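Number of protein chains: 2
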Amino acid sequence: MKNVIVLLSGGLDSAVLLWLCKQRFEEVFAISFDYGQRHLVELKYAKELSKIAGVCEHIVVKLPHYSLLNDSSLLNLERDLSQSVESSVPQTYVPMRNLIFLAIASSFADEKGIENIAIGVHALDSPYPDCRPEFITSAESAINAGSSYVSKTKRRISIFAPFLGMTKGEIVNLGKSLGVPFEKTYSCYAGTEPPCGKCLACTQREKALFEAKITLR
Amino acid sequence: MKNVIVLLSGGLDSAVLLWLCKQRFEEVFAISFDYGQRHLVELKYAKELSKIAGVCEHIVVKLPHYSLLNDSSLLNLERDLSQSVESSVPQTYVPMRNLIFLAIASSFADEKGIENIAIGVHALDSPYPDCRPEFITSAESAINAGSSYVSKTKRRISIFAPFLGMTKGEIVNLGKSLGVPFEKTYSCYAGTEPPCGKCLACTQREKALFEAKITLR
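Quick note, the sequences are listed as chains A and B, same order. The first sequence maps to residues -9 to 207 in our numbering. The second sequence maps to residues -9 to 207 in our numbering.
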């Protein structure tokens, strides 16, 4: 079956991923997470992007346990967002976020028989451990080993992570060719409208859009 | 560091695991999940067991997304609990439950620097795909690949699954030698007090307790 569930934050990368999946798969679901992130406003953009893309279903999942964890500057408003990308693991790392997101997406995949889970991680310019190829490979193994769908059907659930070897600039160029409405995406860690323009997410986004000669309306 | 976070349902197996961890580790945390299970009453037992065992902290995590998934007879009250253990995957399977539980436990492990996650799965007499050794091994790989704690410290987070090669009878005998208060555990899928005595969890429990010559007060 050519179906997929896309992890959709509402940001630039996951929007390009959603448009790519619309092209590659017959049936597209989207899933977004409310984990108490500083930039919860991104979910409004995820909803709008899902609507424009015409997905079968946009699932929004709450993860209340993250209120108990607050080392991350994306979860704790008293933490500073200004740390640079050079650190080994940035302050914006949210503990095991991608594993939790993939595991929950896989629970929907398992029950609904969705054979692909798409995630917009890119390792080349990302400092997060859970964006690396070795993480994606082992998460896929764990999902397949634990799934009743796989056990019953002898089929596989694949993680589709097409941006793993791409830079943010290349992702934006792909999005341009796919007609992604970049003005409907939101990437700012601070969660302000308009975006702060200063955080790592804003500066990386602006650089990539500038280099791809994209001017937002 | 000899610390551990124990996945504690309030059932017989996880109680034995908790007592074993009290013996093996210096610092013991417990984590339980409210995922809308039919037998939510088990959390009351988990709380009481945590208190008796004297854990550092008992974390209870809500997983509201399971209300959107209802193929499992543990989540959907209209489904029958009576299916036997012989089926390839039982009706009581909850999609990707153990991966989600381990991933969330690992988010606490990652932030608090807890180097072991204990889970009471036993493969010998369990029909669930997410109770098999190959699942545990791959989940451990995914956790280590995605963790910032591992990335920063170059240490490991291990999954401690000491019951993998044991039968339920052997687990009960171990619990007996450790002084587990079996009367404070709860295993019934139906969620009634007293337990229904008829579901798979009840019959397996009674058989194991009978064979170990344990009479509950």
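In short, the hints are calculated from the structure, not lab data. Be careful, since some hints might not be right.
No copy labels: a pair is met if it fits in one copy or bridges any two.
Below 20 Å or equal to it, Euclidean Cα-Cα: the simulated DMTMM-like pairs (lysine to aspartate or glutamate) are [claimed, not checked]:
#, residue 1, residue 2
1, LYS37, GLU183
2, LYS52, ASP24
3, LYS41, ASP61
4, LYS37, GLU160
5, LYS12, GLU160
6, LYS142, ASP61
7, LYS142, ASP115
8, LYS102, GLU68
9, LYS203, ASP61
10, LYS174, ASP70
11, LYS197, GLU160
12, LYS166, GLU68
13, LYS197, ASP115
14, LYS52, GLU160
15, LYS52, GLU38
16, LYS203, GLU16
17, LYS12, ASP115
18, LYS37, ASP24
19, LYS144, GLU124
Quick caveat, the model's predicted, so the values are computed rather than measured.
Checklist entry - Given identical chains, is LYS142 near ASP115, meaning Cα to Cα at most 20 Å, within a copy, between copies, both, or neither? => result Between copies, since 18 Å is at most 20 Å while 39 Å is not.
Item to check | Up to 20 Å CA-CA - GLU68 versus LYS166, copy category | outcome: neither (36 Å within a copy, 48 Å between copies)
Checklist entry - When no copy is named, should LYS203 and GLU16 be tagged within, between, both, or neither for a Cα gap of at most 20 Å? => result neither (31 Å within a copy, 58 Å between copies)
Checklist entry - When no copy is specified for LYS197 and GLU160, does a C-alpha distance of 20 Å or less occur within a copy, between copies, both, or neither? => result within (12 Å within a copy, 61 Å between copies)
Checklist entry - With identical chains treated as interchangeable, where does the CA-CA distance between LYS102 and GLU68 reach 20 Å or less: within a copy, between copies, both, or neither? => result For LYS102 and GLU68, only the inter-copy Cα distance (19 Å) is at most 20 Å; the intra-copy one is 40 Å.
Checklist entry - Within a copy, between copies, both or neither: where do LYS52 and GLU160 come within 20 Å Cα-Cα? => result neither (32 Å within a copy, 39 Å between copies)
Next on the checklist: I want to check one pair: LYS144 and GLU124. Are their C-alpha atoms no more than 20 Å apart within a copy, between two copies, both, or neither?
Outcome noted: Between copies only: 16 Å across, 24 Å inside.
Item to check | 20 Å Cα threshold - placement of GLU183 relative to LYS37 | outcome: within (16 Å within a copy, 43 Å between copies)
Next on the checklist: One pair to classify: LYS41 and ASP61, alpha carbons no more than 20 Å apart. Within, between, both, or neither?
Outcome noted: Intra 34 Å, inter 27 Å, cutoff 20 Å: neither.
Next on the checklist: My question is about LYS12 and GLU160: at a cut-off of 20 Å on alpha-carbon distance, are they close within one copy, between copies, both, or neither?
Outcome noted: within (19 Å within a copy, 52 Å between copies)
Next on the checklist: Reference check for the pair LYS197 and ASP115, CA-CA at most 20 Å: within, between, both, or neither?
Outcome noted: Intra 13 Å, inter 56 Å, cutoff 20 Å: intra-copy only.
Next on the checklist: With identical chains, the pair LYS37 and GLU160 could be close in the same copy or across copies; at 20 Å between alpha carbons, which is it: within, between, both, or neither?
Outcome noted: neither (25 Å within a copy, 51 Å between copies)
Hints 3, 4, 9, 10, 12, 14, 16, 17, counting from the list given before, are not met by this structure.
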